[in-house]
Amino acid sequence: MSVDLSTKYLGLDLRSPLVASAGPIQQNLDGVRALADSGVGAIVMYSLFEEQVRHEEARQAELELEYMDSFAESLSFFPTVQSNEGGITAEYLAHLEASAKAVDVPVIASLNGATNGGWVQTAHRMQDAGAAAIECNIYMVPGDVEMTGAEVEDRHVEIVTAVRDAVDIPVAVKLSPFFSAPGNMIARLDATGVDGLVLFNRFLQPDIDLEKLEVVPGVWLSSQSDQRVPLTWIASLSGRVNASLAATSGVDTSDDVLKYLLAGADVVMTTSSLVRYGASYAGTLIDGVSQWLERKALTLEEARGLLAVPADASSSEYERNGYVAALEKAKATYGG
Amino acid sequence: MERTRIIADGNTAAASVAYRCSELCSIYPITPSSPMAETADEWSAGKRVNIWGDIPSVIEMQSEGGAAGALHGALQGGALTTTFTASQGLLLMIPNMYKIAGELTSTVFHVAARSLAAQGLSIFGDHQDVMACRQTGFAMLCSATVQECHDLALISHAATLQSRVPFMHFFEGFRTSHELNVLETLSDDDIRQFITDDLVHAHRERALSPAHPFIRGTAQNPDIHFQAREAANAYYEKVPGILQTLFDRFAELTGRGYHLVDYFGDPQAEQVIVCMGSGAKTVQHTIEHLNKQGHKLGLVLVRLFRPFPAAEIVKAIPETARTVAVLDRTKEPGSEGEPLFLDVMSALSQAVSRGTREHMPIISGGRYGISSKEFTAGMAAGIVTELELDQPRPHFTIGIDDDVTHLSLPWQDLDIEDPKTLRAVFFGMGSDGTVGANKNTIKILGSDPGTYAQGYFEYDSRKSGSRTTSHLRFGPNPIESPYLVNQAEFIGVHNFNILESIDVLTMAHEGTTVLINAPYGPDELWDHLPDSMQRQIIDKKINLWTIDALPVARKVGLRNRTNTILQTCFFAISGVLPRDEAIARIKDSIQKTYGKKSQKIVEMNHAAVDASLEHLHQVSVPDRVTSTHGLIPPVTDDAPEFVRDVTARMIEGLGNTLPVSAVPDDGTYPAGTTKYEQRTLSDLIAEWDPSECIQCGNCAFVCPHGVIRAKYYPQSALEGAPAGFPTATLNAAGLPESNYTLQVVPDQCTGCGLCVEACPVRPTAHPDRRAINLEEHLDKTAQRENLSFFETLPVNDRSRVDFASVRGTQFLQPLFEFSGACAGCGETPYVKLVSQLFGDRAEVANATGCSSIYGGNLPTTPWGKNADGRGPAWSNSLFEDNAEFGLGMRLAADVQTNLAKVRLGQLADRLDPELVDGLLNAPQLTEHDLVSQQERVHTLQSILSDMEQTPAVRDLISVADHLLRRSVWIIGGDGWAYDIGSGGVDHVLASGRDVNILVLDTEVYSNTGGQASKSTPMGAVAKFATSGKPTGKKDMAMQAIAYGSVYVARVALGADPQQTLRAFREAEAYPGPSLIIAYSHCIAHGYDLKNGLDQQYKAVHCGHWPLMRYNPVLADEGHNPFLLDSPRPDITWREYAKLELRYRMLSKSNPEAAERFLDLDQRSVERRWTEYEEMATRTADRFTFDARTSEFAAGSSRA
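Protein chains in written order, with numbering that gives the first Met the number 0: chain A, 0 to 335; chain B, 0 to 1198.
If you are wondering where the hints come from, they were derived from the structure by calculation, not from laboratory data.
Glycine residues also receive a C-beta, built at the ideal position from the N, C-alpha and C atoms.
Heads up, some of the hints might be wrong.
What the hints assert, rightly or not - Below 30 Å or equal to it, Euclidean Cα-Cα: the simulated DSBU-like pairs (lysine-lysine) are:
hint: 1; chain 1: B; residue 1: K864; chain 2: B; residue 2: K900
hint: 2; chain 1: B; residue 1: K586; chain 2: B; residue 2: K554
hint: 3; chain 1: B; residue 1: K591; chain 2: B; residue 2: K1013
hint: 4; chain 1: B; residue 1: K586; chain 2: A; residue 2: K100
hint: 5; chain 1: B; residue 1: K419; chain 2: B; residue 2: K539
hint: 6; chain 1: A; residue 1: K211; chain 2: B; residue 2: K1089
hint: 7; chain 1: A; residue 1: K211; chain 2: B; residue 2: K1137
hint: 8; chain 1: B; residue 1: K864; chain 2: B; residue 2: K710
hint: 9; chain 1: B; residue 1: K1013; chain 2: B; residue 2: K1033
Claimed, not checked - A few chain B residues facing chain A, derived, Cβ under 10 Å:
hint: 10; residue: A44
hint: 11; residue: Q118
hint: 12; residue: I122
hint: 13; residue: T433
hint: 14; residue: S460
hint: 15; residue: R461
hint: 16; residue: S465
Same shape as in the complex, but just chain B:
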């Protein structure tokens, strides 16, 4: 590889060097570091070589703990090994980090530094994770820009080999790891000058070898352990010198100079800021700006944090400094200050107290930028203002409004950006390709030697209907602005719905050019704009343009991908390039992007470019506001206070303005808030046809979004119904004069079409239609009115609903609704079913992953409650510990149930004996049983509240609800259950406790973007299985069956919804551990998800996913506990696999291997089917003895 100038993000910049300096990468995916590992894997699969001409190996492990263990072993084996990680993943590596450092082993961990999960998870950037590792013995080198990610990666690799001290090279997650900027790459020859063969050979010579055996990793006693810890000191002392020598050599080679600590600003500065990471760049440019106005400011930019360069920092801070602020991008509750602050304070104190420094400045410690919180020039100036006070406060925060502990500093916006820089912001939707087009725009413009470009992209937290905001800068000078654009010369609104919900012109200044993609003509547009937007357009003299891009996209075959059209318009209007040149370069970029993928896509996009400009219109702006409508309110009028005051602000994109007091202090948020969010997801929505419907309930059962609701009601209830309210005579026996309505929630329907696919009705006159169909409704007024009326109809009585049939479940209220899951998600129907069947007494432990994101990502959450205020209580601990977390919930429930029983016994003589007997001994199996027990508990609570409040009474009140059997659900994906949480799942299954484990098996890591898990089928292509997964999918069901005491089911609702329902009910009723493995189709399988149910059917019918149940209760009764629920395979594996991109991809890259896998998969499903069939014919005594005994049953909450 030669030196080149490219556009890259921080992850790519770091990985490019790490890969070339390594023989092995041992990794586990975690946001935001995953792209480094994925890129390395793609390079490896593409046979790209390192600087020695070899292809590095990349191995994906089952967890970061595993990755660190494998890395440790590889290092001991002498391989040059690296890893890429972040956040909780880095924390899982800590034990090995101590070992690796203790053994003075050369390695580099590249970390896209990220927040840690505390009161809530956050995937965004700060220094919390790396600071949690500062004590491990790793050297820590911080990169502040994309270029530094590249350069300091090399310095780290060279320094670790020279010093033997392992290095953590880190940069901020997303802000730097995902920022696109210009990168001058290092050539292989450049790298070879630093990673010499001598160093490599020395590393190998330190490795374990039977040729010259030694022992490393002993257990040591008090006599020498202490001395041994100190013995390594000399190595750490040498690190700063080694680094600076490397920096100097690097500067000679490349012209880019670095120091352990760099000073910027006035040499006689009176106020100095110490900062590490990208924020330092903001400070640097702010003080340059302010110094021109007469301030005397300085910045100490820290690159090396461990070993701490105390002398260099003391030296860097001018003696003239009266006040110093040390900024930390982390939070250590309860400490005297954050790490950098404490270390700087210590260094200065030492220097002054020992006389090597004359003057001790006033030092303040400040926190900023936690979880990618913006850190702007205005905020840096706010810190300066504080430092210029006589007595700046000792501790502060910047970037938030802390109205509780009053630590936050005030600040005002400050625009210090280079006037030659063009700033552009684009609002798009996830599916429209806006981000992709902007990335190409940056590449187009940034490829000019004289042009610099930067891109940063924001995504919202939903997977369907998600909004993206692209922040782009272009200019003739290097761009070091690590914060969002806040004043833009160009604003593109790529989806009209966005401007109806949020103010898209906050970043507009006078004369800003605004392009709106609108389904209206240039003459109609104005009247459709909200009044506040019209006002701003007039006041700011906005240069307004519009295009209706969707018809253009559809005409050329691009469906809803409007990105190329809007990109062309941007170039045409913004004038960043002459039009003809712009068009030629867009076309060239399209050819480069898609040329090797699909010439047809190239042609369609080229046609889109050609068709764009004739549909682009400048809008004549009237001189007065004519609109009578404002922005659509973020939440409905009936939303509770918290949702109106807090949640609504987050939805509007104004969460940054919420003060500390507005935010819950312990991570507790109200349940069921998605229903208050006003958003329209799709114009294409499900519509029920009452005349054809057979009321089977299949559509409601499979709906991933909980938008299809069914009720039956007396015909008299129709009084007052809106005209056209859809209704049909109820076709169930025993309920005469009743009607039935299937209501779609119009604004929450994603138009995924699963309901249509699930409908068994084929009207004779319209064989292409069903009893529920997708219809386009731009105006949903009628549907909303119908919904309002429908909601006034009473929810059907659970105790009168037949839970045993799919038909019956449609009448059960979903207590999981309107999640932000992908349209057509294969997981959420199962989650919804849990909420319908058991929600009012369920406690849910949810592993991190898709289900925790659509289940618990703010601003709004889908786990709701019923009219009685009951509903699933949901929590997420971590990724790796979810089974244990759920078991803890069970143990707590059991403790408190037993306590309730004891207290009830103690108070029995003061209570109705029949009530006490019922509470203690009545069965709690059927819904009727449970309703009766609920009533008894209510009666008890009522009686207790009227009794004298003795300690026993108060105690019983506190635990009385536990007399109702609590249903504990442990939910997560296959990445958790098969990989990182596998040990925990195994242990919990072996515990015998009454928990229900639901594995939403997508056969891949879905949330982090399609990495292979041990559930991934053989031959499927996934990240880290680019050549097809070489091993078979783990049969987790058989593993659990081996215990004999675990209820196990494998289900696929697209193949047999009734079997799914049966399994869920049996699992919940089983008084021990249950495991349900649920086939969940996923966008990572690579096909249109509207066919998800059909694909599930094929997965079952080819034998890939045999439906089965293993019920130990049957064995107790002397029956075969193994029930094979699906028919003998009647299609081939190939017929199933050919429809999914994950299987087809290999046939492109390696047809022979693909054929081999297809053959092996066919044989393996046949073999397994034979085995299952044999099991299904065994007698009960041929299965593992069921170790459950009466004490387990007694230990459970079952009376």
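The following block holds chain A by itself, in its conformation from the complex:
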């Protein structure tokens, strides 16, 4: 392919703007290699869930402590282990290290959590394990009615700042779209000097089983309709933030990749399509991008941000225009 797809993301040189986002394929070394072989520009590892780690460590410690020192013959019930840490964290770091060594594309570690505690240390160890960058996946479980919007926003800034200060490698932040003023939130994060913004996180929302009367946790792959919100914000932010922009959600074909690029994304991430069609599908997507660029006689740089909100436009007006246009289209289509 003669089209040059090389891209800069988080200051890293990528061979292509398609990035495998955090997902299950990365959980074994063969999957990591397959992704690299298919031509992705970088690989974001599956997420290390900080809360899960903390919870499991605490639970294990609690179980060890629960019956200690309460009966003369059995002052404990388990051999004393020096550390409960290991398990998930150690496994993750070992896999990260092996992956980074196994492939020649940047491997980005993903740290998922909601609180400040423990991130800094873990981030540092990810750097030591060979991560090219760290993606902070800030995920707050909905349901806390006490926390104010300002507190949520401050927490994001605190976490990103702390992680950035702790490591020398680039740091990206993966966000939820559910802020009352996402633009301002992003601007605040951008002001921290964060290297990249990944738009957006999808909540893993539970379902309900009507027969069993149970809540069913679940993971659902994204669909193309999920790309509109990120697309809108990428377009709005392109050229207005210092951080790299990564688009994620709703990529199914190379057209979807191109749309994000045209909106201004530095890189486009996908998990769902790779899970759906296999790691090698990344090659198909990249080929599609190349072919389109070739057909349109555009370089990647020329195409990127071509349809972003112009730097001199009011982004709210632009969005409103798009909204009005959508309504007009709906009326035409459905006769509404």
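Let chain A serve as the given structure and place chain B on it in line with the hints.
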């Protein structure tokens, strides 16, 4: 390892040296020595090296006999080998000890000396076990303090290599083995100076080797055996000299000097006490105190007991001594005196009679401190008072009130403690972390070079709702007070329920500071205190503080762990450190304790520290008593006399004051006394919802504590019921106008939640609820009233209950109730089921372990009796012999049944022929059969009592009850059945006799704290399997099936209660040996036990625990005897294992090994399932021939 100053207990102090001086540790867990072996194993797993830079191996054997055998072999192989043991375990090593000593083999046994089981088992400390080994040829060196445990451990290891005489290094169990104190550790270099390579090489050169073969262990004849025994004398003669040389070198190196025998006190003493062990320290400080008052007292502290240092002892006792008391911490019934007394007497007699000593003092022998009985300064002074009499009695005891043989000396309290020492006592509950926090407090304060600290902890004998008492001392001078605190400057009551039941201020003096954790505000507290406590607070001018710690703990996420909060309060109030410094050091200690475990726990505890002080309040003490309530009586009003007079005192913590006459002389205690104990275990208790209940009985079936009772009754019986008494129409057919009630015993419910999990009802409107739910009830008055009424309803007639269904069993009275087992215990539902189904004619042999502790640990016991006064007769022999013990019960029953039949035949012509025929020949299988036979036996007993009392009549009366088929149950855990008692179990199964063996399989040693057994699954982490158990679980069922004549069942009531019930009934009915292996979830599995039943279900459904029965009766009938009762595995091993900490732990320390084990476990359950499935399809003739013949059936009691 460098020299450091640490806080350690005696076990750690001894193990630290033993480990570094050894290449191999061959052990078996036994209280109170287990921590030495466990610590060594953890060091080995953590790759800590010995003084040669190698990692010692630790091997856990199947018994102490096995450990000693392996050790003996290892020594013969040239390895530097040690062991750690105590009590019965040491006794099991005796045969090998003779061998090892006879072969002049260097080794050291480190013994946390403990009582021996006699009229009752005791885990506590004295010298009974070591004294039972004094004849083996081992040298015996005794440590009196934590520091000595460390120092004399090294001396022992060095001396055994130099002298070739094996050493037993011992110290008192719990008192020294578990006491925390300051320890100056020896560096590796220090140790190397004593354990030189030359000595090690000489040891190796004496080992067996094909390179230079010889034979050792011959059989010898009368011609030379005697001479050979004498040939070793020279080695023993050298031991004292070798030891003293080592002591002297040690003193040069460390500044700590020791002698074979040390003398303290007045060089011209007129009264001298000879003592060995920690008690000598008490004597030492007491006589120092009394000498200042003009007494002329001396102490001979004995360190070396074998070879007996006669010359040194004679020399140590001043010629001025008019009277001498020799104290022994052991008891030898029927002897002229205990060992130390006899040896000292002999030594002095020899010296005087041979003219090497001028004066023969009057010598008395005294027993003290048996089973960790307190030995205080007051008691030592009591001995002095006796010695100062013209004619002190020749034998005495101290520390008890012997009102039977009048041997005991009187004594009075005497406080000789250093006034600079701060003494603190804390009352807590097992689950609240009080002990753990106190251990940290000792470490915090004791880490200061200028501060000394001591901690000792008492635990009660229950596993649920247990009370702990922590005794702490801190001060600027070394603390050698090996007895409990009896006057405290600070008292912490960490659970309000405790002060409602016992007097917590007995140790308070004027001005003592008392902190109470109470669910009341500072203004409300006073009115909730018992009147006697208020009186003491006023009279003693107590400085009273309070905090409601539970809400603080819950707010920061610590649930019921209030320990950090209360620790912070202690530091804040007691002033042992400036507040800011105290808080900083508590936080630092938290970080050290939990930092590598969980940062979240650290953060929660730090938050608890920060939140504590704002909730701490000083209480303004009124000037008069306002309370109108006293302490809650320990037992109920309807308790029998013995329970009121004796048991109640033990419950109150006043058992030490009971005189000898109050205590049964042969270990026989009344049955079923837990029901009289007044205690409230949980505010969260089960509550029945009559409107939703389907009356299936599952909840009652699984209840581990026997607190869920069901009855049906005519509706008319509800007359007089309290308002709100829960009742529902009985939904069983055939009993119209009847009601049903499921009653919870509110004060005995632990709130474990198993009943809730077992309930199949999901009310549509409340899918998160069941027909039985846990509800919080601080005030249980209504529940108690309901229970009182419920108890007036008649127990349902057993012969009308359908035994074949779980539903039916709920109406059978449990004759095993309210045991002290852990909340949610997985074992006790099976035990309870035995008692319900067969209890009124059962005899139970119970192996030592959890089931013997919750089944037979005083003060109260759970094995009860029914309204007719019948119930299970229960006994415990030992750990290793339980199968044989139970077989003996069977043999005795058979002998007496046969005797009854013979006598009945002889008297037949004087009795109703129909009655005789029924007694001899009626079947005894169904409950109806058994009730009929019971009636016949009653009739016979009644007739016999009216007949002329000829020898035959009297004989028949004595054995008539044996005409009712006796049900013999042999019960124990997997440590017994798979390991230490395995040989006995095997032999009993092979005997063909009609016994029922119930293995409560927790897959780990539960009672002693989670050591691996041969039942432990592959990959599970347990003590001595820190890297995951490398071998698979023994398939005991298949072993038993191999005999062909054994009924075998594997059950898990959480997976299929009906199959469990069927198996129990079939096993009992089978006229030969039966084996039931029952899956018992356990706290040692590492998950919340409220999920125990679900985990049992998963164990079955992943194929780990396939439910099966092997019934030889079916083979007799030509059917396949092997019945596979559970479905083909439908979940993976991983899905089962991931929920238990014992499996998950390895994924932390060694993820690759964990994965490998997970894979192997999956494959092995699949392989076994395939095998079982194939067996389930075989024809009867493809199983082992059933060797039972008619004579077995005739030999059994079955008519």
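Q: Could you work out which earlier hints the structure fails to respect and list their numbers in ascending sequence?
A: Those not satisfied are hints 3, 4 and 11.
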